[in-house]
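Protein sequence lines, in the order shown, are assigned to chains A and B.
Its first residue numbered 1, the first sequence is counted upward by one per residue in our numbering.
Its first residue numbered 1, the second sequence is counted upward by one per residue in our numbering.
Just so you know, these hints were derived from the structure itself, not from any lab.
Heads up, a few of these hints could be off.
What the hints assert, rightly or not - One side only, chain B facing chain A, incomplete, derived with CB under 8 angstroms: (1) G59; (2) F84; (3) S95; (4) M96; (5) L98; (6) L99; (7) I107; (8) Q122; (9) L153; (10) V154; (11) A156; (12) L229; (13) P262; (14) V276.
Remember, it's a predicted structure, so these values are computed and weren't measured experimentally.
Even glycine gets a Cβ: it sits at the ideal position worked out from N, Cα and C.
Residue-level listing of the chains:
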Amino acid sequence: MTSETTRARLAVGAKWSALVIVAAAALLFPVVFPNPVVTNYGVFALIFATAASAWNVFSGFSGYISLGQAVFFGSGAYAVGIAARDWNITGVAIFGLLPLAALVGAAIAVPFGLVALRVRRHTFIVITIAVFFIFQLMAFNFSFTGGSSGLPSPFLNWQAATYNNPFYYIALACTAGIVALSWLIRRARFGLHLRAIRDDEDRARGLGVRAMRVKLAAFTLSGAVTGLIGGVWFLYLTQVEPQSGFDPLFDLSIVLMAFLGGLGTVAGPVLGALIIEPGQLYLTIRFTNGYYGEILLGVIFLLVVLLVPRGIIPTGGEWIRRLTTRGRSALPPAVPAAEAARETRDEVRDPARSGPHGGAG
Amino acid sequence: MATQIYQAIVDGILVGGVYALMAVGLTLIFGVLDIINIAQGILVVLGAYLSYSLSARLGIGLFLGLLITVPAMFVLGVAIQVAFIRPLRGRERTSMTLLVTYAVALIVEGVLYRIYGPDDKQLTASYVTNSVHVLGFYLPYIYLLGFGLAVILVVALYLLLYRTRFGRSVRATMQDRTAARLVGIDTSRVAALTFGVGVGVTAVGGMMFGATSGGFNPNSGYDLISRLLAIIILGGLGSIGGALVASVFMLTVVSLVDIWSPTWANAVFYAALVLVLLIRPTGFMGRQAVRAE
C-alpha cells in the first residue's frame with residue numbers, strides 16, 4: 001500500500017467522522033442547552049441554513065442570482081396560515097400543512113421562472129426584485145391575506161420550556177434534507193448541467209444542455225424548499241405580516257450567508273447561516289434600535305466581500321491544502337488550477353470590468 | 001372623466017421628468033461600469049436629506065443648495081467606487097458588485113435613521129406648494145422647474161458625453177474596455193469619475209424627490225430603487241434616452257391607474273415591466289445582449 005492511498009483513505013475517514021460529529025452535535029444541541037433562549041438561536045439558524053442552501057441549489061450552482069426568494073418564503077408562510085384559517089385546522093395537525101407550503105412554493109416558482117429565466121444576469125436579478133415587490137403588495141392589499149395586520153397561526157398549548165424543541169428538529173430535518181439534496185445534485189448530471197450554464201450558457205446549450213428545463217427544475221426545487229421552511233418559520237413565530245414574510249432583508253441575508261460560506265459549495269451556505277444568523281439575532285435583541293444592526297450587517301457584508309470574496313470553505317480548503325503539502329508541489333487538483341489560471345487572466349484583461357461588452361460575467 | 005385622464009397624463013409626464021433625473025445616473029453607471037448600483041435609491045434619499053438640512057437648518061434655498069449637494073455627492077460616489085467596487089474582480093463580479101452596493105445602501109440607511117429618525121420629512125418652499133393654471137391643467141411650479149432642470153441636465157450630460165474629451169473616453173470605455181485601454185485611456189479613472197457623475201446627478205433627483213414625494217424617510221429607498229430598476233430595464237440598460245422615455249411612460253401608466261385604484265398603481269408598474277420584457281427582453285432602446293464569455 002503506497003502512502004498516497006493511505007493518505008486518501010485517511011482523508012475520507014476524516015470527512016466521515018467529521019460528518020458524524022457534526023450530526024451528533026446538531027442532534028444533541030437542545031439536550032445539552034435546554035434553555036429556550038439558546039434553542040431559539042438554533043431554530044433561527046437552521047431555518048436560515050435551509051433557506052440559504054435552497055438559494056444556493058439554484059443561484060449558487062447556475063449563477064443566476066435570485067433576490068426574490070422571499071416570494072417563496074412568504075407564500076409558504078401565508079399558504080399555511082390561510083389553509084389553517086379556512087379549513088379550521090388546530091393543534092398539532094397544522095404541521096400536516098407543511099407539504100402544502102412546499103407545493104405552493106413550487107407552484108409559484110414555475111410561472112415565475114418561465115418569465116424571469118428568459119433574461120440573464122442583471123435583468124434577471126431585477127425581475128426577481130420586481131416580482132418580490134408585486135407579492136409584498138398583494139399581501140398588503142388582498143383581503144384573504146389579512147391586509148397589513150397579517151395572519152396568526154393556530155395556538156399550540158405546549159410547555160414554554162420545551163416549546164422550541166419540536167421546531168428545532170423539524171428545521172434540522174429540513175436542513176439535512178436540503179444539504180443531502182444539494183450534495184446529490186452537485187454530483188449528478190443535473191448539477192453538472194447547472195454549472196455548465198453558470199460557466200457559459202450558450203456553449204452549454206450548444207453541447208445539448210436543455211438550459212431552460214434545467215434552470216426551471218432547479219428554480220422550482222429551490223422554491224419548494226424555501227416555501228416549506230417559510231411554513232415552518234410561520235408556525236414557529238405564530239404570526240406573519242406582509243413586511244416580515246416578504247422582507248427584502250431576508251433575500252440579502254441568505255445571499256450573504258451563501259457568499260460568506262462559499263457560493264456553489266454544499267456546506268458553505270449552512271456554515272454562513274450558522275455564523276451570521278445568531279449574530280444578527282443577538283444584535284436585534286441587544287440593540288432595540290434597528291439601525292445599529294443594519295449598519296453592522298452592511299459593514300460585515302463589505303468586509304466579507306472584500307476580504308474573503310470566495311467564501312470560507314474554498315479559502316479554508318486552500319489553506320488546509322497548503323498546510324498538508326507543506327510547500328511541496330503536490331499534484332494540483334484540476335479545479336483550483338483552472339480557477340487560478342482564470343484569475344491571472346482576469347488581472348491581465350481587466351480588474352475593474354467584465355461583462356456583456358467586456359468579458360466574463 | 002376626460003379632463004381627469006388628460007390631467008393624469010400631464011402629471012405622469014411631469015413626474016416622469018423627476019424620475020428621469022434619478023434614473024439617468026443609474027443607467028449611466030451601468031453603461032460604463034457594467035454594475036447595477038442598488039444604493040442609488042438610498043442615495044436619492046440622501047440627496048433629499050442633504051437639501052433638507054441645507055434649507056431647514058441653514059436657510060439655503062433648494063436650487064441654490066444643489067451647488068453644494070451635487071459636488072458632495074460626486075465625491076461620495078467616487079469614494080464608493082474606489083473603496084468598494086474597484087477591488088472586485090473574478091467570475092462572480094456581477095453579483096458581488098450588486099451585494100456591495102446593497103451593503104452600502106444598508107449602511108447609508110442606518111446612518112440616516114441615526115441622524116434624522118424615522119419620521120417623514122418634506123422639503124418646503126413657496127414654489128413647492130403653488131401651481132399655475134394653464135389650458136385647464138394644474139401645473140405645480142416645482143414640477144415645471146424640475147422638468148426644466150431634467151431637460152437641462154440631460155442636455156448637459158449629452159454635451160459632456162459627446163462634446164468633451166472625457167465624454168469620448170467614457171463612450172470608448174462603454175463600447176470596448178480593452179480597446180479603450182489599448183489606445184491609452186485610463187479606464188479605472190473613467191470608471192471612478194463616471195460613478196461620481198452618476199451619483200452627483202442623483203443629488204438633483206433627490207432634491208426633486210424630496211420636494212414632490214409628499215414626505216420621505218430613510219426607508220423610502222427600497223420603493224425608489226425598485227421603481228428605478230424597472231425604469232432602466234424597460235428603457236434598455238445603459239441607454240440614457242431609454243431611461244427618459246421609460247420614466248415618462250411608466251409614471252404615466254402609474255398616474256392613469258391611480259385614477260381607478262391608488263393601491264394597485266405600483267403593481268401595474270411592475271406588471272408592465274414583466275409584460276414588456278416578455279415581448280422585448282432588451283427593453284425599449286437596449287442593445288442586443290452580447291454573449292457573456
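Evaluated hints:
1. The closest approach between the C-beta of G59 (chain B) and any C-beta of chain A is roughly 28 angstroms, which is over the 8 angstroms cut-off, so the hint fails.
2. For F84 (chain B), the shortest C-beta to C-beta distance to chain A is roughly 6 angstroms, which falls under 8 angstroms, so the interface hint holds.
3. Annotation: interface hint on S95 (chain B) holds; nearest CB of chain A at approximately 4 angstroms, less than 8 angstroms.
4. Nearest Cβ of chain A to the Cβ of M96 (chain B): about 6 angstroms, under the 8 angstroms cut. The hint holds.
5. Below 8 angstroms, beta-carbon pairs count as interface contacts, and L98 (chain B) has one with chain A at about 6 angstroms; its hint therefore holds.
6. The criterion of a C-beta within 8 angstroms of any C-beta in chain A is met by L99 (chain B), whose closest approach is roughly 6 angstroms, and the hint holds.
7. A cut of 8 angstroms between beta carbons decides the hint on I107 (chain B): the least distance to chain A is about 4 angstroms, and the hint holds.
8. Checking Q122 (chain B) against chain A by beta carbon gives a least distance of about 21 angstroms; that is not within 8 angstroms, so the hint is violated.
9. The beta carbon of L153 (chain B) comes no nearer than 24 angstroms to any beta carbon in chain A, farther than 8 angstroms, and the hint placing it at the interface is violated.
10. Violation of the interface hint for V154 (chain B) is found here, the shortest Cβ-Cβ separation to chain A being roughly 23 angstroms, above the 8 angstroms cut-off.
11. At about 25 angstroms, the closest approach between the beta carbon of A156 (chain B) and any beta carbon in chain A exceeds 8 angstroms, and the interface hint on this residue is violated.
12. Taking 8 angstroms as the C-beta contact cut-off toward chain A, the hint placing L229 (chain B) at the interface holds, the least distance being around 5 angstroms.
13. A distance limit of 8 angstroms between C-beta atoms decides the matter here; for P262 (chain B) the minimum to chain A is near 10 angstroms, and the interface restraint is violated.
14. Taking 8 angstroms as the C-beta cut-off, the interface hint given for V276 (chain B) is violated, the closest approach to chain A being about 11 angstroms.
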